[in-house]
Amino acid sequence: MTLGRDDIQKIAILARLEVNEQELEHYTRTLSQILGLIDQMNAVDTSSVSPMAHPQDVSLRLREDRVGETDRREQFQKIAPETENGFYLVPRVIE
Amino acid sequence: MHTKTITELIVGLRAGEFSSEELTSHFLDRTQQQKDLNAFITIDRDATLEQARAADRALKQNEANLLTGIPLAHKDIFCTENMLTTCGSKMLYNFVSPYSATVIEKFNRCGAVILGKTNMDEFAMGSSNETSYYGPVNNPWDRDRVPGGSSGGSAVSVAARLAPGATGTDTGGSIRQPASLCGITGLKPSYGRVSRFGMIAFASSLDQAGPMTQTAEDAALLLQAMAGFDERDSTSVDKTVPDYMAELDNDLKGLRIGIPKIFFAEGLDSEVAAVVEAAIDEYRKMGAELVDIDLPNSSLAVPCYYVLAPAEASSNLSRFDGVRYGYRAEEYKDLNDMYTRTRTQGFGEEVKRRIMIGTYALSSGYYDAYYLKAQKLRRLISNDFDQAFEQCDVIMGPTAPGTAFKQGEKTDDPVSMYLNDIYTISVNLAGIPAISIPAGFDKQGLPVGLQIIGRYFDEARLLNVAHRYQQVTDWHRQMPAVER
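Read top to bottom, the protein sequences are chains A and B. The first sequence begins at 86 in this note's numbering and counts up one residue at a time. The second sequence begins at 11 in this note's numbering and counts up one residue at a time.
Some clues are possibly wrong.
[Unchecked claim] Taking lysine-lysine and the DSSO-like style, the derived pairs with C-alpha atoms no more than 30 Å apart in a straight line are: (1) B:LYS14 - B:LYS45; (2) B:LYS453 - A:LYS163; (3) A:LYS163 - B:LYS343; (4) B:LYS420 - A:LYS95; (5) B:LYS453 - B:LYS416; (6) B:LYS420 - B:LYS453; (7) B:LYS45 - B:LYS416; (8) B:LYS263 - B:LYS249; (9) A:LYS95 - B:LYS100; (10) B:LYS420 - B:LYS45; (11) B:LYS271 - B:LYS249; (12) B:LYS343 - A:LYS95; (13) B:LYS416 - B:LYS271; (14) B:LYS45 - B:LYS453; (15) B:LYS420 - B:LYS100.
The hints are simulated quantities; they were obtained by calculation from the structure and are not laboratory data.
Modelling step: build the complete structure from the supplied sequences, incorporating the hints.
Have a look at this one:
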């Protein structure tokens with residue numbers, strides 16, 4: 086399977102990335118190469134195989150619903166690009 | 011002092027031959043002298059010496075723990091409170107974590123000193139340490155060559171004796187392949203053995219932390235400190251940690267070594283093959299028997315991995331959006347533009363490539379053809395190992411298809427770069443443990459690693475098998491011609 090320039094642009098938008106004209110050629114080529122590698126998977130019939138999500142094949146543990154962590158908002162927000170009154174600031178979304 | 015193993019340094023510290031402050035200063039000086047190797051991203055000399063002095067007080071008061079006073083280098087993927095954690099990326103150029111990884115906390119409790127944070131491929135994506143935002147790491151055996159990756163800085167810090175031991179992480183070979191290319195010992199434990207809490211996630215169903223050291227004995231010591239259940243990691247396994255040191259000297263008579271023919275087929279460098287075969291022959295002399303085994307689906311491991319790992323990465327790395335920590339673009343029009351510019355400027359090329367592959371594989375209409383298909387292949391690859399281990403106790407082969415390659419040689423060809431991990435990736439997919447140990451050199455004097463693969467949770471046996479080899483050989487004692 087090879088990808089075209091339009092496919093790359095579409096994928097980039099989904100991934101919140103921007104690919105400029107100069108890079109487009111490069112990503113189209115290398116991503117197509119990687120998909121060529123990936124397509125080798127089709128050599129094997131897996132219709133009767135169950136998928137393996139995890140090496141242990143166990144379900145996630147549950148824990149008691151009680152408070153374990155303390156409030157460390159200040160330490161966590163100290164490293165944020167922009168905060169105000171305990172909130173993370175981002176560009177205005179709703180006018 | 012720096013040529014000694016951790017085990018030997020512990021004896022010296024306890025006997026009062028030198029203090030932790032002297033030892034730690036010595037290693038700090040070496041990192042400074044060998045700065046051009048670019049093995050470290052962050053070193054905080056004052057904080058490190060403060061920890062060493064605290065260790066010396068504990069030693070004086072006979073309150074020494076397993077690793078009291080031993081300086082260790084940590085891959086810059088482990089969060090460390092009060093110290094930068096960049097993950098090799100511009101995205102985290104200013105990130106100081108508000109908490110430490112469980113692995114770091116465990117080493118702190120054992121009395122170890124944090125020597126510094128080591129260079130790595132950006133977000134652990136790479137096999138040559140060339141994708142780091144902080145520049146490539148040079149292989150001390152030949153500075154024009156790569157150290158392997160992604161734990162390249164950790165491997166070099168141990169190989170050049172800038173640190174007596176280091177931590178690494180291994181998603182598809184990132185501990186074992188650089189260990190092989192740098193001539194050191196590197197262990198990837200079973201998935202679930204070491205907590206992933208505070209270890210920046212790349213592919214969560216594959217990532218695992220492990221030790222990188224001169225010897226298997228030292229690896230046993232570090233694993234002892236790192237391993238164990240952690241309720242903060244939902245995939246951590248609640249299973250007793252055995253005494254790894256106690257098993258090291260077990261006799262190897264009757265050990266059944268599985269040899270997968272496919273690991274010696276086309277694609278393997280002939281000099282590497284010769285070194286690995288000689289190492290296996292050494293085991294035969296120690297009383298082990300060789301068994302031919304078949305891993306029929308192992309050739310599909312690389313394609314399978316390059317669906318699963320990028321898919322999980324594209325999801326994990328969506329958290330880097332410029333809102334809560336790390337880099338934020340300086341100019342933007344609106345929220346979406348801020349996300350996009352932050353990510354476009356903050357991530358490097360290889361990371362973007364993998365995010366895009368993963369995004370594509372998970373996008374609407376392609377899930378069954380890629381992600382589900384890869385998960386099914388993962389089952390077949392894992393079953394192959396289960397069947398093989400019915401006939402043998404460990405599996406042996408090369409760690410990497412060749413020795414260290416020249417910098418820049420593979421940067422423009424991602425697929426040829428990915429094929430470096432052809433013998434390591436299937437181990438991560440199955441979740442089982444494996445170790446790489448120095449087994450000799452090629453004609454250019456570059457180190458070759460022997461890979462030993464074990465059953466799930468059989469780290470003790472891997473360490474035992476590796477240790478016995480290191481008692482009859484001295485490859486692990488060879489060091490590159492850096493200033494000794």
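Going through the hints against the structure:
1. For the given pair, LYS14 of chain B sits about 21 Å from LYS45 of chain B by alpha-carbon distance, which is consistent with the 30 Å threshold.
2. Straight-line distance between C-alpha atoms of LYS453 of chain B and LYS163 of chain A comes to about 54 Å, which puts the hinted pair past the 30 Å bound.
3. About 25 Å separates the Cα atoms of LYS163 of chain A and LYS343 of chain B, which keeps this hinted pair within 30 Å; it holds.
4. For the hint linking LYS420 of chain B to LYS95 of chain A, the alpha-carbon distance of about 28 Å falls within 30 Å, and the restraint holds.
5. For the hint linking LYS453 of chain B to LYS416 of chain B, the alpha-carbon distance of about 16 Å falls within 30 Å, and the restraint holds.
6. A distance of roughly 22 Å separates the Cα atoms of LYS420 of chain B and LYS453 of chain B; the hinted pair therefore holds under the 30 Å criterion.
7. A distance of roughly 20 Å separates the Cα atoms of LYS45 of chain B and LYS416 of chain B; the hinted pair therefore holds under the 30 Å criterion.
8. Annotation: proposed proximity of LYS263 of chain B to LYS249 of chain B holds, straight-line Cα distance about 28 Å (limit 30 Å).
9. Under the criterion of a C-alpha separation no larger than 30 Å, the hint pairing LYS95 of chain A with LYS100 of chain B is consistent with the structure, at around 25 Å.
10. Distance check on the hinted pair: LYS420 of chain B and LYS45 of chain B sit about 25 Å apart at the alpha-carbon level, within 30 Å; holds.
11. With a C-alpha separation of about 34 Å, the suggested pair LYS271 of chain B and LYS249 of chain B falls outside the 30 Å cut-off, and the hint is violated.
12. Between the alpha carbons of LYS343 of chain B and LYS95 of chain A the distance comes to roughly 21 Å, so the proposed pair stays at or under 30 Å and holds.
13. Taking the CA atoms of LYS416 of chain B and LYS271 of chain B, the gap is about 28 Å. The hint holds against a cut of 30 Å.
14. The suggested pairing of LYS45 of chain B with LYS453 of chain B holds, with an alpha-carbon distance near 28 Å, which does not exceed 30 Å.
15. As the CA atoms of LYS420 of chain B and LYS100 of chain B are separated by approximately 22 Å, the hinted pair is consistent with the 30 Å bound.
Hints 2, 11, counting from the list given before, are not met by this structure.
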